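Trainee: Read top to bottom, the protein sequences are chains A and B. Numbers given in the working numbering equal positions in the first sequence, counted from 1, plus 7. Numbers given in the working numbering equal positions in the second sequence, counted from 1, plus 56.
Treat the hints with caution; some may be incorrect.
To be verified - Simulated pairs of lysine-lysine, BS3-like, Cα-Cα distance not exceeding 30 Å: (1) Lys358(B) x Lys378(B); (2) Lys14(A) x Lys39(A); (3) Lys171(B) x Lys14(A); (4) Lys271(B) x Lys378(B); (5) Lys39(A) x Lys171(B); (6) Lys358(B) x Lys16(A); (7) Lys16(A) x Lys39(A); (8) Lys62(B) x Lys271(B).
As the list claims (entries may be wrong) - Residues from chain B that face chain A, not an exhaustive set, calculated with beta carbons under 8 Å: (9) Leu154; (10) Ser158; (11) Asp162; (12) Tyr163; (13) Leu166; (14) Arg277; (15) Pro281.
Everything labelled a hint here was simulated from the structure, so no lab data went into it. These figures come from a predicted structure and were not determined experimentally. For glycine and all other residues, C-beta sits at the position ideal for the given N, C-alpha and C.
Each chain is listed here by its residues.
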Amino acid sequence: MTGETLKLKVAALADIAPGLRHVRLVAADGGKLPPAAAGAHVQLALAGAARTYRNAYSLVSRPGARDAWEIIVRRVPTSRGGSAYIHECLQVGEVLEAGWPGNLFAPVRTARRQLMIAGGIGITPFLSYLAEFAFSGVEHALHVCCRESEQQVFDPWLAGRPGVSWYWDADGHRLDIPALLAAQPAGTHLYLCGPAAMNEEVLAAAAAAGWPDTHVHCEHFGSALSGGEAFRAFLARSGVEVEVGEDESLLDAIERAGVNAPCLCRGGACGVCATPLLEGEAEHRDHFLSAEERAAGLLIMPCVSRARAGRLVLDL
Amino acid sequence: MTIAFKPEETFRGDYTYRNSDAAVLRFPFPFPEDRYMYSVNIEPHVRSGPSDVFMRPFDVDEHYIAECRDKAITLERDPGRCQVLPHMMLAQWDTLELLMESLSADYPALFSLVKEGDDFGSRWTWTNRPLGLEQSFIFGDPATLPCEPFEYITRQAQGDFAICDQRDNNLYMDAGMVTSQADWSLEFDVGMSFMEWHGPVPLAHQTGVFERALKYLLMLRLGQPVRRLNWTMTINPRLDTSPENFPEWGTDRASVTPDNAGQKVHLRVELQTLWRLPRSNAILFPIRCYLASLDDLARVPKWGARLHRVLSSLPRELVEYKGLTRYLPAALEWLAQHDDGAELPVGTESGVTTLAPR
């Protein structure tokens with residue numbers, strides 16, 4: 008059960024509501040997928056017109072499912088990137104490259120009670136939460152704010168599960184967030200996933216009500232550790248100039264150019280790849296260099312760090 | 057691949073544990089250089105490396121049957137060596153699945169797993185031929201196993217296992233099966249955070265090793281396990297060097313002389329791996345222990361000489377923390393005869409394919 012990338016084949020596509028597309032993915036080789044669970048996401052490489060987009064989507068399939076993964080993708084009206092591709096171009100049978108599942112939004116299993124608040128498509132991570140909580144038996148409730156017409160869209164994943172309440176923008180149907188938070192017993196953990204404005208409103212209400220930060224969890228996709236703006240780096244000792252793409256690390260680009268760079272963890276922790284920086288300003292993303300070393304600007308960890316602007320010159 | 061098990065050997069009492077020549081040659085010798093200091097020596101746990109023990113994610117060797125029996129003896133005497141906090145049930149099933157899938161895939165002649173489905177609620181049948189076990193159970197239903205799933209599968213695996221729950225940007229040691237530990241106590245550490253259980257380690261805190269290691273582990277990816285080697289020394293080939301049983305083994309340190317050090321003193325190497333678990337998002341931390349006597353190690357000329365140099369230059373704090381103070385002079389006197397002072401190549405490879413006769 009090891010690997011970094013997977014080939015996934017699109018097994019089915021369905022528009023389940025205006026602007027919402029359901030995608031069922033299976034292993035392209037016909038084998039089993041790794042198990043993934045509540046809160047997990049998968050990053051898909053989607054070939055757009057200008058470049059490849061790497062977008063992360065919550066898995067809404069059964070926790071631990073190994074036959075197929077499911078995602079639900081909302082069409083972002085202004086998007087020319089991943090969501091537009093999925094809605095306009097993706098075909099059944101197409102094979103996509105994907106990363107192994109990640110999880111930056113796992114439920115806390117020591118919680119006495121699990122409280123979830125979703126806004127619109129933000130319900131997706133909670134579909135797998137509900138399945139897990141139903142299995143484990145932990146006390147839980149999900150409050151969903153959406154359009155009145157969207158209530159039935161997620162029925163196939165809710166399967167009549169108890170503890171789900173619906174709210175929409177009409178008198179008598181809005182969620183009273185402060186009242187909901189005030190009514191929770193101590194030991195409750197709060198999870199929220201929705202539009203930024205909703206997230207901020209709930210976070211502010213939780214802070215005002217005295218909830219400890221450790222008990223409030225907000226979904227964010229931040230797994231792109233090594234990617235960012237493209238930039239160039241010159242390897243002074245080798246006399247080689249490398250182009251670092253948006254989706255690769257500086258270390259990847261150095262290796263692609265055939266230059267040997269020492270490395271070990273490839274995650275910014277071990278310090279083995281620390282390389283003298285002769286010119287340019289680094290955007291440090293490692294856990295190794297101290298604040299003083301960063302300020303001095305004499306070292307860079309190419310496995311995770313990038314150029315803040317312009318070109319870097321490395322002693323390599 | 058055939059493994060010639062040694063089911064009768066013992067890790068206590070008459071200590072009949074011995075390494076075959078093949079076991080010595082595949083020993084995961086931990087010192088690439090003549091000096092040793094702590095570092096975040098973490099690397100991807102891939103199927104390659106300078107020792108054969110790295111070739112499979114969970115290594116099974118000639119000591120498997122005897123080691124599982126020694127573990128059962130320790131658990132019989134002290135059931136508290138296996139502890140799991142109540143919120144760790146998903147992580148227990150994750151561990152069982154990972155071990156059963158890996159062992160049956162890598163050692164099909166020894167283990168097999170037949171599944172009627174992959175989801176919770178499916179019937180699975182597990183066969184462990186070396187231990188003569190067959191068990192049919194419902195994946196996800198602990199009542200269908202003779203004990204809880206973590207204890208069930210780790211009783212059938214070499215080495216210790218801890219599971220760290222991840223929450224509040226920290227790791228908590230919320231489960232463990234610990235019967236072959238280098239003088240630490242699960243009973244004491246269970247429920248502790250990462251910094252708490254590493255508190256006693258000297259010198260490493262000052263260099264920020266643990267802050268970096270924790271940040272790195274919090275980002276550990278599913279499907280991309282990592283590994284490191286750790287080491288200490290043990291008198292006699294004893295797996296259960298626990299604080300709970302210190303009176304049974306602590307005094308052995310006073311029995312070492314320059315004459316018997318070759319047989320008595322063992323290098324104890326831990327292959328520590330770290331695995332993100334899929335359902336629970338916890339981290340599984342297997343600690344696989346390998347023991348080799350100085351006699352064994354000195355049959356590889358590079359290893360005998362290098363161990364002499366590493367131990368000669370070890371910082372005093374580490375000598376004390378690892379509990380070597382009492383017998384280190386005798387061990388060094390014994391090792392000195394195997395060190396001619398010539399420069400040794402960097403790296404841990406043995407550099408030989410056969411051993412000198414005993």
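Trainee: Which numbered hints are broken by the structure, listed smallest first?
Mentor: Hints 6, 8, 11, 12 and 13 are the ones this structure does not satisfy, whereas the remaining hints hold.
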